[in-house]
Amino acid sequence: MKRHLTNHSLDALVARIGKTDVLACYQCKKCSAGCPVSPDMDILPHQVIRMIQFGMKERLLNSKTIWLCASCETCTARCPNDVDLAKIMDVLRQMATNSGEPLGDSRVPFFHSAFLSSIRRRGRIYELGMIAKYKLKNREFKKDIKLGIMMFLKGKLKLLSSKIKGKKEIKDIFSQVKKGVIG
Amino acid sequence: MKLSYYPGCSLHGTAKEYDESTRAVCYQLGIELIELEDWNCCGASSAHSTDEFLSNALPERNLKIAANTGLDLLVPCAACYSRMMTAGKENPSLKPTVKIRNLPELLREEDNFNRIREQVKTPLEGLKIACYYGCLLTRPPKLTEVKDYENPQTMDDLVSILDGETVSWPYKTECCGGSLAITHTDIVKRLTRRIIEMAMEAEADCLVTACPMCQANLDTRQDETSRDEGKEYNLPIFYITELIGLAIDGKKSGRWWKRHFVDPMPLLNSKGLI
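As you go down the protein sequences, you meet chains X and C in turn. Its first residue numbered 1, the first sequence is counted upward by one per residue in my numbering. Its first residue numbered 1, the second sequence is counted upward by one per residue in my numbering.
If you are wondering where the hints come from, they were derived from the structure by calculation, not from laboratory data. Hints may be right or wrong, so weigh each one.
[To be verified] Within a straight-line C-alpha distance of at most 27 angstroms, the following computed BS3-like cross-link-like pairs (lysine-lysine) qualify:
| hint | chain 1 | residue 1 | chain 2 | residue 2 |
| --- | --- | --- | --- | --- |
| 1 | X | K142 | C | K258 |
| 2 | X | K158 | C | K121 |
| 3 | X | K133 | C | K189 |
| 4 | C | K2 | C | K189 |
| 5 | C | K2 | C | K251 |
| 6 | X | K165 | C | K64 |
| 7 | X | K30 | C | K189 |
| 8 | C | K252 | X | K154 |
| 9 | X | K158 | C | K99 |
| 10 | X | K163 | X | K133 |
| 11 | X | K163 | C | K189 |
| 12 | C | K251 | X | K165 |
| 13 | X | K30 | X | K19 |
| 14 | C | K142 | X | K171 |
| 15 | C | K189 | X | K135 |
| 16 | C | K251 | X | K154 |
| 17 | X | K135 | X | K178 |
| 18 | X | K135 | X | K57 |
| 19 | X | K143 | X | K133 |
| 20 | X | K64 | X | K178 |
Just so we're clear, the structure is a prediction, and the values are computed from it rather than from any experiment.
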């Protein structure tokens, strides 16, 4: 994989973290054709690869696309050139989260942040607390309240949280993640 | 057979009936499940979307605990299974000692498969079932090593030995949008409606899955979709273990149905299965 222009170019960076060869793409668009969320994306999956080759970092990290990708792995499974696009989406999301710049979608990054802070505190997900935190941050109080009540009545939502014994180990893992990445 | 058991957060919460039916079926088949001690959340899509180190370190802690037991690890949640497999691949030192198993594959193994066949007391005759595999049980095939990832068969085979009728349909592995369920409900409603409509078009009475995200996503939104579309959506969504449990030991199944949003009882009643 020594076809990159420089070691610091976007394609080299993505290839290194994602362990996949971005330059192998020949734009057959199979990824975009099979993507279940492509109708909602601002940049189509095959365009993401092309833009990485062109080094259009800012445009990609500001896109909605990287947050709408549902990580279903259909693109990766079908790529004739073995480009791991689902993994590339991960790398772009990680880069965007780390950049400190405004993001192309607020809901999904808020959700990830609430989800991870629940794990950091307890070692496991406390669904009620996590969803409340997400809704507070996102000001979406009314949406899905009925669903939540039904879940509770069916014994699917716990009122009280539980913590694991190895909290310190979890804390140590989280201490190795860059500050500010998880709210 | 003795296995370590990683329920994951969903099976302790929103997918309680998956946990209950998995334990019941494994008990019937003589598979002893020992819950992994002090397990932690695998990090799910939030960890791999946020930080590379975190996405491997969280499942790795579980794999290390599992390695000490010397037993294979059963991971019924498709999303947890995918994260564990990925972490195992990234850290090869863990892999030879821990074999990570998903539920349809475990139950499809020759011994377990034959045992299920021998134990069927209530054949699911007349029940037309759409087997829905979703994303992460089969994809990416390099990780899962599933060969027929566009048209998987494990659950179809299981349903067949219960005497249920599988339907042929094209959306077995279409994504339901599970990871966007809370954040982009509009997209998710479109995706789940398409899957349910296709199952109905294939004349299925119900759908069966082995993923807690798929089950919750497909089950909980039908009421809302019926209102939005002015058309009735009422397709029961089962876990594969619920159907096996019903067929081999119907007594325990009653409490599982109560946890569903689309009530499966009218369908099961009409087919004389309960």
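Is the Cα-Cα distance between K135(X) and K57(X) 27 angstroms or less?
30 angstroms, violated
Holds or violated: K252(C) with K154(X), Cα cutoff 27 angstroms?
17 angstroms, holds
Hey, K135(X) versus K178(X), does the alpha-carbon distance stay inside 27 angstroms?
Distance ~25 angstroms between K135(X) and K178(X) Cα, so the pair holds.
K163(X) paired with K189(C) [C-alpha distance capped at 27 angstroms]
It is violated: about 33 angstroms lies between the C-alpha atoms, which goes past 27 angstroms.
Regarding the pair K133(X) and K189(C), is the alpha-carbon distance no greater than 27 angstroms?
Between K133(X) and K189(C) the Cα gap is close to 23 angstroms, so the pair holds against 27 angstroms.
Restraint status (C-alpha distance of K142(X) to K258(C) at most 27 angstroms)
25 angstroms, holds
Keeping to a limit of 27 angstroms between CA atoms, is the pair of K30(X) and K189(C) held or broken?
24 angstroms, holds
Would you check the hint for K251(C) and K154(X), treating anything up to 27 angstroms between C-alpha atoms as holding?
20 angstroms, holds
Within 27 angstroms, alpha carbon to alpha carbon, are K30(X) and K19(X)?
21 angstroms, holds
Taking 27 angstroms as the top limit, are the C-alpha atoms of K165(X) and K64(C) close enough?
Holds, at about 15 angstroms.
CA of K142(C) to CA of K171(X), is that 27 angstroms or under?
Judged against 27 angstroms, a Cα distance of about 32 angstroms means the pair is violated.
Tell me if the straight-line CA distance from K64(X) to K178(X) falls inside 27 angstroms.
Between K64(X) and K178(X) the Cα gap is close to 23 angstroms, so the pair holds against 27 angstroms.
Checked against the numbered hints listed earlier, the structure breaks hints 2, 4, 9, 11, 12, 14 and 18; every other hint is satisfied.
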